[in-house]
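J.: Residue numbers (the numbering used here), protein chains in the order written: chain A, 1 to 286; chain B, 1 to 344; chain C, 1 to 288.
Careful, some of the hints might be misleading.
These stretches of chain C come out as covered by chain B in the derived footprint (C-beta under 8 Å, 3 or more residues) [said to hold, decoys possible]:
| no. | stretch |
| --- | --- |
| 1 | 33-47 |
| 2 | 170-181 |
Estimated spans, in silico, between C-beta atoms of each pair [stated by the list, open to error]:
| no. | chain 1 | residue 1 | chain 2 | residue 2 | range |
| --- | --- | --- | --- | --- | --- |
| 3 | B | E231 | A | K226 | 19 to 29 Å |
| 4 | A | C2 | C | E160 | 47 to 57 Å |
| 5 | C | E259 | B | D165 | 29 to 39 Å |
| 6 | A | N5 | B | K266 | 13 to 23 Å |
| 7 | A | D38 | C | D163 | 18 to 28 Å |
| 8 | A | K188 | B | K119 | 54 to 64 Å |
| 9 | B | E28 | C | D163 | 20 to 30 Å |
| 10 | C | S212 | B | D104 | 54 to 64 Å |
| 11 | B | K85 | C | D176 | 40 to 50 Å |
| 12 | B | L342 | C | G23 | 28 to 38 Å |
| 13 | C | K97 | A | A202 | 37 to 47 Å |
No lab work stands behind these hints, which were simulated from the structure alone.
Using N, Cα and C, we set each Cβ at its ideal position, and we do this for glycine too.
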Amino acid sequence: MCSNNPYIPMPVEIIKIIDEVDTHDIKSFRLKFLSKEDEAKFKYLPGQFSELSVYGKGESPIGIASSPTEEGYVEFTVQRAGTIQSGLVTAALHDMNEGAKIGLRGPLGNSWPIEFLEKKNIVVVGGGFAFTTLRSLINYMLHKDNRSRFGEITVIYGARTPGLLLYKDELAVWEKRDDIKTIITVDKGDETWKGREGFVPAVCKDVAPSPKNAVAVICGPPIMIKFTLPVFFDLGFSKENILTSLEMRMKCGIGKCGRCNVGYKYVCSDGPVFSLAELDELPRDF
Amino acid sequence: MKKTNFQDISDLAAQLMGKGTLVAPVKEVAGFNFREISDAKQVDLNFYNTLMSPKSAFFPHTEDFVRYDKNKFVLDAQCVELNLKPVFLFGVRPCDAKSFEIMDIHFSGTGAVDPYWKKRREATTIFGYAFDPNTPADGADFYSTLNIGAADPEGSDIFMMKKGDELLLQAVTPKGETLLSSLSSLVDASKDDEKYFDDTIAAGHSFKTRFTCVDEKVIAKKLEDIFLKTEFWEKISDACLSCGACTFVCPTCYCFDICDETLFSKGVRRRVWDACMFTDFTLEASGHNPRTKVYQRLRQKICHKYSFHVRKYGVISCVGCGRCTRNCPVNIDIFSIVDQALKE
Amino acid sequence: MSINFKQIEDKLKTEAKKLLEGGKVSIVLAYGKGYDEKHPMPYVARKMSDVENMVFNEFCTANMARYLVRYPRGTKIAIAVKPADSRAVIQLIQEEKIKREDLVILGIPVYGMKNFKTGETIDSKTTCGRYNPVIYDTLLGEEVHGQPVVSPYDVLAEYEKMDKDARWAFWKKELDRCIRCYACRKACPMCYCDPCFIDQNKPKWGEKSPESHGNLMYHLTRFHHLAGRCVDCGECSRACPVDIPLYLFHKKVAKECEEMFGQAAGMKIEDKPALVNFRVDDSDKILE
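Here chain A stands alone, though its shape is the one from the complex (with noise of 0.2 Å):
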């Protein structure tokens, strides 16, 4: 039963854990894999998820924050989240240091839709803590094999205080470079905070991307997701042009155990990317 098997998670050994930001409650874990031949197998493209796994607790599903032209490795960002009945694994994570070692399944779900992305201008928009998937989506669409696969990128990311931002370091370098327009916007700045203030929404309502042979990506909080949309449809993007990547309870990962359907389409197999097309077809429950 042990090879090929769905349910059996791969060794993975932690070798750097980044502290995301101020709260302290969002760590990066980087993760390598015991054995050369998961590693091989284990092929990925941005947008895709992974069950990390923790003997004792259990599984949770974490959106691949790494870009597959990122070697040696693969990057998750996880929120120290739960309730008294939820969260047992993130917790577990985030006690453990460097040199642990956890089990991965993966990859899951589908993945941003590259092909359909080419030869397109992109506009990534992204909220708070859901920015990882999209940080992959973008590292991957900068890398110098790739770059010149799509057409003009925008990032517009947000968050509610300039210590809640993800990846500052990488944020940083992106607004140096002239391949992508970087924005970054704090719902509220604070004394050392010199960039823009304001909602994300309202951000995209300024900056005006075209939709122009573009495609919009965007992840973030319900709330953030519920006001950008109209923005983007009363700046001309179609249903078809807008992606976004849902969140449900999700156990198997593979479209067995039943829990994360929205209508008849499950997130994990069937998603968790869907365009606004797509999920106008699906009754709204989530």
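Place chains B and C on chain A using the hints.
T.: For chains B and C alone, kept in the frame of chain A given last:
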């Protein structure tokens, strides 16, 4: 075709036990259930249908994946092997045999293949067992509504039916044929028996349970159309307690959870049946839950079976066995809800 | 004298109509038609036209008090209660889950109710040994008098003959059959914890698998959560698809509580639940 005297079923059972594991109906406190047989005399075919469905032969309530010691490395975790002797699932009613085919589509026919379902399924030979056409249908059944006959051999490897005080056995698949010819406790059936067998299968189709047949696509579409009619869903779920009785007895409910169960340091990662009727079924780590209300969960259950499943896999995920109705603490009748929905 | 179910049904309909029409309540919790006569269902009437579907017969065993906590606080509710059910209403008032002034209680004096799964009369087994509701605003029928007095604890005779080891073995065997569908807690009017302890995982009190450990943890804890609160309506036992006689444990605990604290659950609105009310003269038997 073979046959045996109804009284001699224990001989047949003993013979099957010699060839592998026999799982058959046994009379228990609350009704009949399929159990692994340790004494051939336990096998009891004088049942209408079992309390729990036979799905647990392929999809047991718990299935162990990995044994671990939480103080040791992840590398020390041991994957649990599934070493199966041949399994004989004996006395499966036609509607339940049909349920296996529906579950096959989900577990091994599309997308990722579930290795546990597949392996258990391959190891098993199914002995179907016709409903007795002389016994009126239980008031909760509605299999004929879903085009399943009272004596359909479909889904079985060997199909059995009662004729007076005899039990007729007919091979349906090559797997069944091989097994049947090796069972020495059986004798050859007569021409008369063969005619009776065919006649009974045909008669099974005119045997009617509740409701009239409705095209599955019509049902699926209707449910999709009224998905947002909250008033309707609230009304039909007024009585629902949101317990898991209906899903656990159901032959086509397959939702599960994956749980790490640890005692001291040793533990096992296993899958355990779960139910869409439970509040925490869709509770995300963050605390967000898209289905906090009873009506949302009952709507999910009904739409999943009669709409989403049709859309995704082309078939209704229900065989009309009536178990959910029989076991509902508040007498909710699933097809009555579908019936009402069609009138909305 | 026998119970005239039809008469109760008619009175129920008349009262329900009156209450809904006058706007005194927004919902009436009672019983409605099921898929056949033997299988009536808990029913919620919201408008006048809903009343026609109401029924009352000997199979209307459901304890409607279970549904009271489902509606927002302050919802004006009329509820049909049988004797044991009325005690659940009182208990819920004691526990401040609902307010007396939000309720119109339609009392049903009744005996001879039948389990719709088995057809067996449930009187001596799983009702609280009463024929008349303890509390009501309107009585749907005549008070029952002259019926033989049966103690709700009589059915414990066999159980109490068992010694400690035999009881432990009995419960281990019975609870091993549990399939963890949680119908018992969902049918129970007193099981309103959100989340139930067994669904928590910080800490995790019991496993989800239907195996000895988790089953014992779930049921024994639930039994004790209901100590001094169980009103003996028997809904848990009737809801159980595998027929575990949960009522035996509940009755045993109820009996001990009654002996120790001189108070049965859900008898007076002014009472406090026995186990949350400290009195200097409380029995110390439990510590001995």
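J.: Hint by hint, say whether it matches the structure.
T.: Quick rundown of the hints versus the structure:
| no. | hint | verdict |
| --- | --- | --- |
| 1 | 33-47 | holds (count 10) |
| 2 | 170-181 | holds (count 4) |
| 3 | B:E231 / A:K226: 19 to 29 Å | holds (25 Å) |
| 4 | A:C2 / C:E160: 47 to 57 Å | holds (53 Å) |
| 5 | C:E259 / B:D165: 29 to 39 Å | violated (57 Å) |
| 6 | A:N5 / B:K266: 13 to 23 Å | holds (21 Å) |
| 7 | A:D38 / C:D163: 18 to 28 Å | violated (57 Å) |
| 8 | A:K188 / B:K119: 54 to 64 Å | holds (57 Å) |
| 9 | B:E28 / C:D163: 20 to 30 Å | holds (26 Å) |
| 10 | C:S212 / B:D104: 54 to 64 Å | violated (33 Å) |
| 11 | B:K85 / C:D176: 40 to 50 Å | violated (25 Å) |
| 12 | B:L342 / C:G23: 28 to 38 Å | holds (34 Å) |
| 13 | C:K97 / A:A202: 37 to 47 Å | holds (45 Å) |
Against the hints set out earlier in the document, violations occur for numbers 5, 7, 10, 11.
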